[in-house]
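Enquirer: The whole structure should be built from the sequences, with the hints applied where relevant.
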Amino acid sequence: MPLPYLRIFRYIDEIARVGSIRKAAESLFITPSALDRRVQDLEEELGAELFERHARGMRLTAAGEIFVHHVRAQRADFERVRSEIENLKGLRKGTVSVAASQAMAFTVLPEVMNRFRQVNPGVSFMVKICDHASVVKALREFETDLGVVYNIPKSADIAIQFEVEQRLCAVMAEKHPLAHANTVKMRDCLRYPLALPDSTLGGRILLENYFAHSSLKPKIVLESNSFEMLRNFVRSNDAVTFQIQIGAELDQVKDGLIARHIEDRSLARQSLSVAQLKGRPLPLPALRFMSMLRDALTGK
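At position 272 of the sequence shown the residue is numbered 272 (full-length UniProt numbering), and the sequence of numbers has no breaks.
The hints are simulated quantities; they were obtained by calculation from the structure and are not laboratory data.
Nothing here was measured: the structure is a model prediction, and the numbers come from that model.
Hints are supplied without guarantee of correctness; some may be wrong.
[To be verified] Taking lysine-lysine pairs in the DSS-like style, the calculated list, with each CA pair at most 27 Å apart, reads:
no.	residue 1	residue 2
1	LYS219	LYS175
2	LYS278	LYS137
3	LYS219	LYS254
4	LYS154	LYS128
5	LYS175	LYS217
6	LYS175	LYS254
7	LYS278	LYS128
8	LYS185	LYS254
9	LYS23	LYS128
10	LYS278	LYS93
11	LYS137	LYS23
12	LYS278	LYS154
13	LYS217	LYS185
14	LYS219	LYS185
15	LYS175	LYS185
16	LYS254	LYS128
17	LYS175	LYS137
18	LYS154	LYS175
Expert: Written out as structure tokens, the structure is:
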């Protein structure tokens, strides 16, 4: 049974997350009137309003922002303490939360999760697939233990634990004219229609920097925030899309697609980063999973 202060922490966190007493009450299995009363009691105890109440819902005040940050830090630290207590009995239970870019969803992340659970069957995972900016936001708001993302924005409060350099690959239909070559040049790709990741995805920044300095202009026929959409689109035409090598499955045909390394000195290389919130002690399952992920990504 949750400790009393952890219960009210959970209540406040959920209201801040959904922006509504009614919606929060539904997910917390409590009546809206009872939940509102708990919030008012806490505000009276603190001597400050935590929420601005509007017809459309609830919005955090400046005091509320401070309190919610404290709430999320305390809840995360409680999970770490619980993990350490479990460790006294062996790593039997726990949850590892990961926010990751789409490229990780295809191969490496599920493979490492399965391998980890073979050794630690009591550990479960919560995985959110999102863009690089949302990964940083999830780390800051204590929504995830680890962030695994390509081209992560540099930030003073984000600690990068390790990085792996990634080359950009061209992905195309298996019978595409460029598919017979072992590597391709970017100028070769630009002769064909392009299906590009949109600006929310880290690879797009790399491509835009290249296009800005190229005499060849891209013919963009599709933009999407979904790699699955891009891959499905190029499967049945002569368009080319791009993906980092970790999710591209090089040198093998899969589902009618093939990926080829791009050889071009003017195309900068970026890194896939595994990061956490600076100063936040991680639960033991997350630390051990990060170690296994490091070995998988660095080839150890």
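Enquirer: Each hint: holds or not?
Expert: Verification of the hints:
1. LYS219 <-> LYS175: This hinted pair holds, its Cα atoms lying about 20 Å apart.
2. LYS278 <-> LYS137: 13 Å, holds
3. LYS219 <-> LYS254: The hint holds at about 26 Å.
4. LYS154 <-> LYS128: Cα-Cα ~20 Å, so holds.
5. LYS175 <-> LYS217: Distance ~24 Å between LYS175 and LYS217 Cα, so the pair holds.
6. LYS175 <-> LYS254: Between LYS175 and LYS254 the Cα gap is close to 12 Å, so the pair holds against 27 Å.
7. LYS278 <-> LYS128: 20 Å, holds
8. LYS185 <-> LYS254: Answer holds: LYS185 to LYS254 is near 22 Å, not above 27 Å.
9. LYS23 <-> LYS128: 21 Å, holds
10. LYS278 <-> LYS93: 25 Å, holds
11. LYS137 <-> LYS23: Holds: LYS137 and LYS23 sit about 22 Å apart, inside 27 Å.
12. LYS278 <-> LYS154: Holds, at about 12 Å.
13. LYS217 <-> LYS185: 14 Å, holds
14. LYS219 <-> LYS185: Given pair LYS219, LYS185 holds - Cα atoms ~16 Å apart, limit 27 Å.
15. LYS175 <-> LYS185: Given pair LYS175, LYS185 holds - Cα atoms ~18 Å apart, limit 27 Å.
16. LYS254 <-> LYS128: Within the cut-off at roughly 25 Å; holds.
17. LYS175 <-> LYS137: 41 Å, violated
18. LYS154 <-> LYS175: Since the Cα atoms of LYS154 and LYS175 sit roughly 40 Å apart, the hinted pair is violated (cutoff 27 Å).
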